[in-house]
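Can you build the whole structure from these sequences, using the hints too?
Number of protein chains: 4
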Amino acid sequence: MRDLVEIGMGREARRAYDLDQIEIVPSRRTRSSKAVSTAWQLDAYRFDIPLMTHPTDAVVSPSSAVRISELGGLGVLNAEGIWARHADAEGAMAKVIEAATGDEPDSALAVLQELQQAPIQNDLIVEALRPLRDGSHTVAARVSPQRARELTPALLAAGVEVLIVQGTIISAEHVSNDEPLNLKDFINDLDVPVVAGGVGDYRTALHLMRTGAAGVIVGYGQSTATTTDDVLGVGVPMATAIVDAAAARRDYLDETGGRYVHVIADGGIGTSGDIARAMACGADAVMLGEQLAEATEAPAGGLYWTSSAAHPSLPRSEITGLARSGRSLEQVLFGPTDSPYGTTNLFGALRRAMAKTGYSDLKEFQRVGLNLRT
Amino acid sequence: MRDLVEIGMGREARRAYDLDQIEIVPSRRTRSSKAVSTAWQLDAYRFDIPLMTHPTDAVVSPSSAVRISELGGLGVLNAEGIWARHADAEGAMAKVIEAATGDEPDSALAVLQELQQAPIQNDLIVEALRPLRDGSHTVAARVSPQRARELTPALLAAGVEVLIVQGTIISAEHVSNDEPLNLKDFINDLDVPVVAGGVGDYRTALHLMRTGAAGVIVGYGQSTATTTDDVLGVGVPMATAIVDAAAARRDYLDETGGRYVHVIADGGIGTSGDIARAMACGADAVMLGEQLAEATEAPAGGLYWTSSAAHPSLPRSEITGLARSGRSLEQVLFGPTDSPYGTTNLFGALRRAMAKTGYSDLKEFQRVGLNLRT
Amino acid sequence: MRDLVEIGMGREARRAYDLDQIEIVPSRRTRSSKAVSTAWQLDAYRFDIPLMTHPTDAVVSPSSAVRISELGGLGVLNAEGIWARHADAEGAMAKVIEAATGDEPDSALAVLQELQQAPIQNDLIVEALRPLRDGSHTVAARVSPQRARELTPALLAAGVEVLIVQGTIISAEHVSNDEPLNLKDFINDLDVPVVAGGVGDYRTALHLMRTGAAGVIVGYGQSTATTTDDVLGVGVPMATAIVDAAAARRDYLDETGGRYVHVIADGGIGTSGDIARAMACGADAVMLGEQLAEATEAPAGGLYWTSSAAHPSLPRSEITGLARSGRSLEQVLFGPTDSPYGTTNLFGALRRAMAKTGYSDLKEFQRVGLNLRT
Amino acid sequence: MRDLVEIGMGREARRAYDLDQIEIVPSRRTRSSKAVSTAWQLDAYRFDIPLMTHPTDAVVSPSSAVRISELGGLGVLNAEGIWARHADAEGAMAKVIEAATGDEPDSALAVLQELQQAPIQNDLIVEALRPLRDGSHTVAARVSPQRARELTPALLAAGVEVLIVQGTIISAEHVSNDEPLNLKDFINDLDVPVVAGGVGDYRTALHLMRTGAAGVIVGYGQSTATTTDDVLGVGVPMATAIVDAAAARRDYLDETGGRYVHVIADGGIGTSGDIARAMACGADAVMLGEQLAEATEAPAGGLYWTSSAAHPSLPRSEITGLARSGRSLEQVLFGPTDSPYGTTNLFGALRRAMAKTGYSDLKEFQRVGLNLRT
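Protein chains in written order, with UniProt numbering: chain A, 1 to 374; chain B, 1 to 374; chain C, 1 to 374; chain D, 1 to 374.
Keep in mind that a hint or two might mislead.
Note: identical chains are not told apart, hence a pair may lie in one copy or across any two.
[What the hints assert, rightly or not] With a Cα cut of at most 25 Å, we get these calculated DMTMM-like pairs of lysine to aspartate or glutamate:
1. K34 - D134
2. K363 - D229
3. K363 - D230
No wet-lab data here; the hints were simulated from the structure.
So this is what it looks like as structure tokens:
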């Protein structure tokens, strides 16, 4: 917890760093990229690539979640989003697209807010998760801390195998006059592994680990669409936050004599280079959203927003429009590509970064040397 | 007073930081935003939100000051501005708007300079403050240090309850061949609380506190319109300046055995996130100007300038034009909104920032953890 | 000489700062700007404002030099420029202006290079300096180190009272197979004060002071037009360089038991705020060029370039075009103005910066507090 | 290896610097640029200027390699590029140019990828190197580590005198299931000097020196076209990397009792100022690519890309288009010029930078003082 700066008399702030301020340093032998493994395992579930999806309707539909799974990652459906509220989810999505690509693109956020006013229907959730369940894919869904207790029974009934409890910023102890969510009790009562977040510091990460979570999410999905920083003054510089959560993981491993809680980085990742940097800082996996929005399988036609875009009184995400490239999810994740910008062949690039620095698995790669650009 | 840098042989400068260089770190429990209070009290006057207005004619008219008060803040009329000099203040304002939105927008500053040449008339001040007085709102007005002695009797007669003595940079001891303002004597002779500023450092803040001021203003209303930095080479990085003034407040509290002087941040605040950061650095309240200019109640039709724009020989503010959104003051302050940029629902956002970091009142929130982005 | 950084193994670099990275901190009493003196004295010559002109043809003609003098500064004619080479200097200047404002503005540099090929004629120099001499203005001219010995007799004959020996970077010991200029001998042989430069560090400044120079120029006229940095990799961050030269001045004062050599800052000054910052760092006076180019009296019609623009094989300055504002030199230097950007009323702004920080003369103002923005 | 920063709890990164963050400080005598030597010797080969070409087809054709040699540098042909794969290399190049300057410039990378699929033909390599060999120019060619063993016999047969083994990032020990390249054995078996790289740190540089290489390349040709940083998260801040490689050179010199291995900087060099900075950091020579692309002799008509642009699945270079100036290689290298931007008269500028700082040869110039801009 060093590198404190006195920003004024008697008040310190800690210097914190973003992923784009660091660089991986090749400083050992090199290795063939064929000899590299990017495999990742969460609880009983094994994945070829360390990828979960950020639970935004802009990227994850029932069918795109299946495709993510087929490609080796974990698709996470938002159990409080459009597919949980609208029988004609595609029609609802079309309204957002129409507004965002029409004459008044700023009106799209209001459309999204309105769609989000419809009630959540358990049968729609069951229906939305069916393709994953029927296809023998790992079934994962996200709930907010506020509604976790209410919605989880339906999710379990719908076959959820990994539960994601995710809000912009969460903690193990939420203070409220209403009935709060005690995460520890909640997780104890469940038979499925829980991944919870986002957090931005060591202490909250450690507290979440102590609730029994299988994974802790660091960050709140910061993307070029996110404006949380401007709205709340709250920020989570991701390189520092991931390193701190990895320190919590290490300390918790020691305190429990061997329970390893996964650290999942969700935010500040724009390119394949940032994925490599996040892993190098200590992440076990990354949550991607914006990077997948351009894929042909993404349901929003190239648009992107995070789940906080639909907040009824204080949204913290724009709806950004990406030119669609015609690339499939497979090409975005594994190439090949004739685009040199780090936005396609995301995991081929990770594999190559590991090879060029001489590492053969992700756990080792967390020790790669780093430079800081200033 | 550490973090000194030797910028050359034998000469030190102190590293100082702006609000947009810091980030609030959520690192504790979270809390429901309903359980949060943003109340603030200055002398006998209690406010629902820690808001004073920057005393610029672009934002504060007699009627907008009333509206600010109805919404829980304190509107401060400039007793040396257009409403104090022109019986037809709205007509005068229209001339500025016409020039700024016409073919030669640069000519608007000259129009403003010319309007400012008209003499101040006490009866106009009385008239301008009448709606506040008649509506039982807290009556506040601003005078410059140069004219404070001359204008204050009329202001008191007009019912002023909080007097703001504000210049770009002021001190407790102004040296002059003309009769200077001794702030201590001046304040001693008054029955109403005085808020004075702006200041940029610990020593001047402490000296102003010792004059008996109820509040000290930090900063000089830096906004995107301000050019003081380019003109004078003088700057007040606000995160550091607020922290230093809060240190002066603490030391003065100790030296007096309990007199608490409020620190009001006036400058460097662009978004609701910056309001949260200013409070986190130790401010008791913020002075807002530019953020309110887009409101339908603001008298300048969406334009903004600070009071130094009208200086006859050395103006230090542009007239900037904001696209008007059609939002009311109420919506700007409290939402709801479909805009994600931190420019509306300003105090709803503050409330949420406090909740997400686990604080329930503003005084506690001054201790929240901070990161420094570099 | 502290603040060294190891940029790699076994190699240090020193952190150095530009003027726009520092801020003047008001931290004392304030003062009326009427009670402030900006007077400066070099040898026997007293000036109302601490201003010399950068010896570029773009700003200094015989008549503009007279005007500068009338306004309280020192105009320095380039004795190797257009007025020394062309009987019809105005016609020559017109060719540059025509090229720069024509269809191929990039060709203007070639025109300037060609004009600079014409031989220097002593009688033209005499003629060019006549208006200064006849008007009882201080007569000052600039020569390069390479041609100082050759041209100085003619300059003295033409009445030069202050001689400026100025190249991009000069030293007290120039090593050459040709006959070098030994500045110490050269200055010893003269009866007029010599100002020499530019330098960028403590050691060279001290060596130049030991040659007997009355003033040392710091910097090489860095402006928005200058590209020396890109061409040579050589840079002089001005805040640090001025502070270092002021340290040399102090040490030389001590070693001589009282000889005070003036430090003149030439570069990195874009606005009146930067003038204040340069003085705050320890400069006794500033050399201005680009700031004066917009004045109606400037001979290049609003264009600007430094003298290195005309180098025959390796020019290091663009020709930049400024929109002409119709302002006179008097207004640029002393206002009043309705422009808030720090480009007019340059010395009124300096006076006000001194007043707001409580200083009454320039020598005291060199001690004002500084912040560093990072 | 100091200047470590704790970017988070228990994890350090090292601050590293780019060439454009440093400045050369003139701090001694000055010198006539005529008295300066830029000569450089690699093994038995002497060069008037410390220039090798980056082995990209965009700059190096058989005829441009000859021209580089005539002008005093070393042209390096890519033995795995278009001239090695296409009998009608000019026709192949024309296809790239046509695509890059047509309606869909983004398609040019795919054209390049396709051209690169054609097999390498030994007789084409022989033919391509003939003009160098016949003209008694130093014959140099580049192979990748992957194909070095296979192609080197043909290269030697074709008269290669200096062999460049260059990949994006290489190491002395490449781990692979296929037969790896053991550089030490490989170099031992050869009679010609080998230059190998790129590397980014001290350790790899030292290991490469121990393989018997005559020169070590630092960097991977970073240019405005390169996107390796975005794709892999790997970066080599060049000022730090050159200094570190120079430290390895010094340590290896000591450990061998006198073997001097040359450090060649390949990347981060945009202007002549950057060439001077690279030499000042300790480079013995620079590899230039992008800077030469505008020359009339360059085969790609003003376009530029690095060799990684043609990677079949993960390209890491754009094809950038430069406006062609009509300048010859001779003018780009030695001027004269009427362009002040540091892109022509590259080695005249280096000579002048050395003169202005008082150095007469390149080895001494590696000790020049440096500032760090922050």
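Against the structure, the hints:
1. K34 - D134: neither (33 Å within a copy, 42 Å between copies)
2. K363 - D229: Classified as between; 22 Å across copies, 31 Å inside a copy.
3. K363 - D230: For K363 and D230, only the inter-copy Cα distance (22 Å) is at most 25 Å; the intra-copy one is 35 Å.
In summary, the structure is inconsistent with hint 1 from the numbered list given earlier, while agreeing with all the others.
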